[in-house]
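Asker: Once you've looked at the hints, dock chain B with the ligands against the given chain A.
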Amino acid sequence: MSDQIILPTCTSCHRPITPHEPAVSFPCPNCGKVRIWRCRVCRELAREYTCPSCGFVGP
Amino acid sequence: MSEEKATTGEAAVKETIQEILVKNTVHIGSKIKVKHMEKFIFRLRADGVYLIDINKTVERLNIAARFISFFQPEKVVVVSTHVYGAKPVQKFCELTGCVPITERFEPGSFTNPQLETYMEPELILVSDPRYDRQAVIEARIARIPVIAMCSTDNTFNDIDLVIPMNNRGRLALPYAFWYLAQRVLVERGVLTEELASNIKPDDFLAVQPSE
Ligand SMILES: [Zn+2]
Ligand SMILES: [Zn+2]
Chain A
-7 MSDQIILPTC
3 TSCHRPITPH
13 EPAVSFPCPN
23 CGKVRIWRCR
33 VCRELAREYT
43 CPSCGFVGP
Chain B
296 MSEEKATTGE
306 AAVKETIQEI
316 LVKNTVHIGS
326 KIKVKHMEKF
336 IFRLRADGVY
346 LIDINKTVER
356 LNIAARFISF
366 FQPEKVVVVS
376 THVYGAKPVQ
386 KFCELTGCVP
396 ITERFEPGSF
406 TNPQLETYME
416 PELILVSDPR
426 YDRQAVIEAR
436 IARIPVIAMC
446 STDNTFNDID
456 LVIPMNNRGR
466 LALPYAFWYL
476 AQRVLVERGV
486 LTEELASNIK
496 PDDFLAVQPS
506 E
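So the sequence lines, in the order shown, correspond to chains A and B. In case it helps, my numbering puts the first sequence at residues -7 to 51. In case it helps, my numbering puts the second sequence at residues 296 to 506.
Since the hints were derived computationally from the structure, they do not count as laboratory data. Glycine included, every Cβ here is placed at the ideal spot set by N, Cα and C. Where hints are given, some of them may not hold.
[To be verified] Pairs of lysine-lysine residues, derived as DSS-like cross-links and limited to a Cα-Cα distance of at most 25 Å, are as follows:
1) B:LYS370 x A:LYS25
2) B:LYS334 x B:LYS318
3) B:LYS351 x A:LYS25
4) B:LYS495 x B:LYS318
5) B:LYS318 x B:LYS351
6) B:LYS495 x B:LYS309
[To be verified] Listed below are several chain B residues computed to face chain A (Cβ distance under 10 Å; list not exhaustive):
7) ARG361
8) SER364
9) LEU418
10) ILE436
11) ILE454
12) VAL457
Next comes chain A alone, as it looks inside the complex:
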């Protein structure tokens, strides 16, 4: 058994998202197949995210 915690990564900057961070996650608005994660900084700066499944570019 591993005690390693796998953190989700930001879809835009690929940095791991820590549990206490006010990040957000939601199903891709276009296809709903993938969970998009946006870290606090990327969201605040309105950095684009691209769905790895359908290619939708938000916000």
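Answerer: Frame of chain A, contents of chain B with the ligands only:
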């Protein structure tokens, strides 16, 4: 007139949704253009007003409807503190089962469980990120994804899905919510022909034309 298109075949028979929305000013932006909005702008009108690409508006309204359909209706809160937003938001919520917040957003509604108005939405839609700034701030704290209707002068900070459109018009907000309501019902697979014929833009307008 330069804006008139040659109508042929189908287009001459039935108005497209793009034509209906343009007729009701959904594409009219403002005299200010922020960088974030550039990709949604069609052109600069002679009087200095930026016009929004209506195809992109419709595309984003469709995507927003799909996004909304991924959630339980009672977990989606629609906020509009704008004077022209109250009626369309109430009608939209009546049809879709989403939760309306109009006229005033009580601070703490998403962050303070002690409040009577406290709720825990999983998705929010705001009609203007500047007017509805408090809701956007609280959504950030509570980690709630945000859909925002944005004009050419709105920035996208803390917004997860943008609908580029005129978000201040007397007609624009009702027509956008009228179309969005239908699309949400389409995405849920519950829009029958009969129901569609009963969803009328007039019901989304603050003052009925006959009054
Ligand atoms: Zn990031
Ligand atoms: Zn996708």
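Asker: If a hint holds in the structure, say so; if it doesn't, say that too.
Answerer: How the hints compare with the structure:
1. B:LYS370 x A:LYS25: holds (20 Å)
2. B:LYS334 x B:LYS318: holds (22 Å)
3. B:LYS351 x A:LYS25: Given that 25 Å is the threshold and the Cα spacing comes to 22 Å, the pair holds.
4. B:LYS495 x B:LYS318: holds (16 Å)
5. B:LYS318 x B:LYS351: Distance ~16 Å between LYS318 of chain B and LYS351 of chain B Cα, so the pair holds.
6. B:LYS495 x B:LYS309: holds (17 Å)
7. ARG361: Status holds, d = 7 Å.
8. SER364: holds (9 Å)
9. LEU418: Holds: closest Cβ of chain A sits about 7 Å from LEU418 of chain B, inside 10 Å.
10. ILE436: Since chain A brings a Cβ to about 6 Å from ILE436 of chain B, closer than 10 Å, the hint holds.
11. ILE454: holds (5 Å)
12. VAL457: holds (5 Å)
In terms of the numbered hints stated before, the structure departs from none.
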